[in-house]
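Colleague: Sequence:
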Amino acid sequence: MREASTGLIIDLPGDSNTTDLLLSRLARKDAAPLFSVKRGASWIDVSTADFTASVRSLAKTLLAHGVAPGDTVAIMSSTRYEWALAEQAIWFAGAVSVPIYETSSPFQVEWILKDSGARLAFAEDPRHAQVIEQVAAALGEKVTVLAFEDGTAADPAGIPSSGLKELVDAGFRSAVTDEQLEAARTSAGLQDLATLVYTSGTTGRPKGCMMTHANFSLIAVNLAPHMAPVLGSGERTLMFLPLAHVLARAVQQVCVHAGSTIAHTSTASTLVADMAAVKPGFLLAVPRIFEKIRTTASNTAQAAGKGALFAQAESVAIEYSRAADARARGIRTHRSPVLLAKHALFNKVLYPKLRAVFGGRVRYAICGASALNTDLAHFFRGAGVDLLEGYGLTETTAPATVNMARDVRVGSVGIPVPGTVIRIAEDGEIRIKGIGVFAGYHRNARATAEAFDEDGFFKTGDTGTLDDSGFLSITGRKKDILVTAGGKNVVPGPLEEIIRASRLVNQVVVVGENRPFVAALVTLDPDELGPWCRANALGGLSLGQAAVHPRVLAEIQAAVDAANVTVSKAEGIRKFTVLDSELTEESGHLTPSLKLKRASVITDYAAVIDSLYER
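Those letters in the sequence shown? Residues 1 to 615, per full-length UniProt numbering, in order.
Any given hint could be a false lead.
Said to hold, decoys possible - What follows is a list of derived Cβ distance ranges for each label pair:
# : residue 1 : residue 2 : range
1 : Leu26     : Pro126    : 32 to 38 Å
2 : Asp50     : Val349    : 39 to 45 Å
3 : Lys479    : Asp15     : 38 to 44 Å
4 : Ala447    : Val567    : 32 to 38 Å
5 : Phe172    : Gly14     : 43 to 49 Å
As the list claims (entries may be wrong) - In silico DMTMM-like pairs for lysine to aspartate or glutamate, Cα to Cα no more than 25 Å straight-line:
#  : residue 1 : residue 2
6  : Lys142    : Glu166
7  : Lys165    : Asp178
8  : Lys306    : Asp375
9  : Lys353    : Asp527
10 : Lys478    : Asp527
11 : Lys142    : Glu179
12 : Lys29     : Asp125
13 : Lys478    : Asp453
14 : Lys142    : Asp178
15 : Lys292    : Glu497
16 : Lys29     : Asp11
17 : Lys114    : Asp125
Please keep in mind that the hints were generated in silico from the structure rather than gathered at the bench. Just so it is clear, the structure is predicted and the values come from calculations on it, not from any experiment. A virtual CB, placed ideally from N, CA and C, is assigned to each residue, including glycine.
Kindly produce the complete structure, drawing on both the sequences and the hints.
Modeller: Written as structure tokens, this is what we have:
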């Protein structure tokens, strides 16, 4: 059994809550705007004072609607400024927020409303409002729905009519006094419930994770100094991960406390343009974003006849970063004058173009939610963008460990955040105790009891190792270990990660439980298939045609071979099949946070898997 910990930097009084993060920033009178909001083609800054005034007024509207301290209020919307405003208003009213992914099915919405008991909900637009109202009617419950947009036509500037503005204005006109609002705002303390976050549901029905004001507040005030200079005063970020996920919301509260400016976008098609306009200094992202950017850059270079030059620049960036990582680990290494000269050249002519995709100012990106390929991390680091990989779960308010700007170990997920202890149990499971660990599962005492060990550590279900400096590396997941018919234990995650690094691959599912050998299901990336086909003079292939084309299969086989080199023959992938469709959230095979629902894939593709084992 091994442990690593980082001491708490800042503690807070027990009668404080998350709203004090905003009020503390207001009292400091920071010059930097709190938010930058997209309206039509323009971005408009919102000061802390103006935001706080809107929050107070919207909270009065909630109180006028009968919301009382401790009540639950749902939010069903994509990531946007109004989301942040609504949640702060819920907290100022002393209530508990209940996020719902905007892509959730009526069945999922029904369960969340039923389990949480929410009787008032914010909806992004009339379409989401209708889903909530229909679900409420099916439950036989009355749920008041307040919409961010009222559904009327946009004005000539392209700005949609805002129903939320009317709700804010209603607060100014309400009979709720400032004294009543303050009583509601201060009704919750650190140990009281701040939000119910329902797990993505990779297996079974989602469970409501009870997150306290202490979870958000202590993470915010401790992560800001721990992650300096990434999360600093006056810094800017563009938030595009779902705010229904705890990671985005936790980092948003860090930004509120730290003095950063937050912009939001939820449209993938405008992400690059939005980054160019906002010019963030740091980002919060998942590895897939960087995989896409790297592949797009490579495709662009190949189309311009500069594929070889890009490959060389990538190789130099990786070598340069690996040397820096070795020195950080105390390993003596020598960066040759030739390497330094090549890196300096590419840092003038090519790497700036890559950084320009992020708006030109990004120096750091906090990366989580899934495994980050080490070569990808080294490539971006060598090109001037440090990908700071972290680790956590919904149950830990997301960040439990993270790489710091001043001490990065590529391939690890960093050291414990302040106030956190990481323990590796005898069976290799990662267990966590600390400021981010949740209070338990809502209305599920049995699951709560099973989630903790006898020492009060949360049992993550993931496996990992700690090095002598306290850096955590993820090695797999206990429940994802496959046991073949021959009794061989196989961890699918590392194999899948290597295969996913292939340009053509989108998703990989390694199978083999109680089977004679290990096999895999592979899906193709439709965004990369076209450019790859043109580069290989194959014309246009549909997903169905590509799934059986010899050249495509040879490319996938090469990726499988690269993965097999890392394991014993008994653990290697002997056969694979390429599916003729995608695994998506809509198909029921990915969660809203893009995690793979392995059990659903195995169930739905049982016949395909069986065919892999036919003689």
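Colleague: Now look at each hint and say whether the structure bears it out.
Modeller: Structure-based check of each hint:
Checked against the hint of 32 to 38 Å, the C-beta distance between Leu26 and Pro126 comes to roughly 34 Å, which is consistent with it. Remark: the range hint 39 to 45 Å for Asp50 to Val349 is upheld by a beta-carbon distance near 43 Å. The hinted range of 38 to 44 Å is satisfied by Lys479 and Asp15, whose Cβ atoms lie roughly 40 Å apart. Checking the proposed 32 to 38 Å range against Ala447 and Val567 shows it holds: the Cβ atoms sit about 34 Å from each other.
The hinted range of 43 to 49 Å is not satisfied by Phe172 and Gly14, whose Cβ atoms lie roughly 33 Å apart. With a C-alpha separation of about 22 Å, the suggested pairing of Lys142 with Glu166 holds against the 25 Å cut-off. Only pairs whose Cα atoms come within 25 Å are accepted, and Lys165 paired with Asp178 is accepted, the gap being roughly 20 Å. Restraint check for Lys306 and Asp375: the C-alpha separation of about 21 Å stays at or below 25 Å, so the hint holds.
Proximity of Lys353 to Asp527 is assessed by CA-CA distance (about 21 Å); at most 25 Å being required, the pair is judged to hold. With a C-alpha separation of about 33 Å, the suggested pairing of Lys478 with Asp527 is violated against the 25 Å cut-off. At most 25 Å may separate the alpha-carbon atoms for a hinted pair to count; Lys142 and Glu179 exceed this at roughly 29 Å. Between Lys29 and Asp125, the direct Cα distance comes to roughly 34 Å. Violation of the 25 Å bound is thereby established for this hinted pair.
Our distance criterion of 25 Å between C-alpha atoms is met by Lys478 and Asp453, whose separation comes to about 16 Å. Between Lys142 and Asp178 the alpha-carbon distance is near 28 Å, which puts this suggested pair outside the 25 Å criterion. Our distance criterion of 25 Å between C-alpha atoms is met by Lys292 and Glu497, whose separation comes to about 15 Å. Distance check on the hinted pair: Lys29 and Asp11 sit about 23 Å apart at the alpha-carbon level, within 25 Å; holds.
Restraint check for Lys114 and Asp125: satisfied, since their Cα atoms lie roughly 21 Å apart, inside the 25 Å limit.
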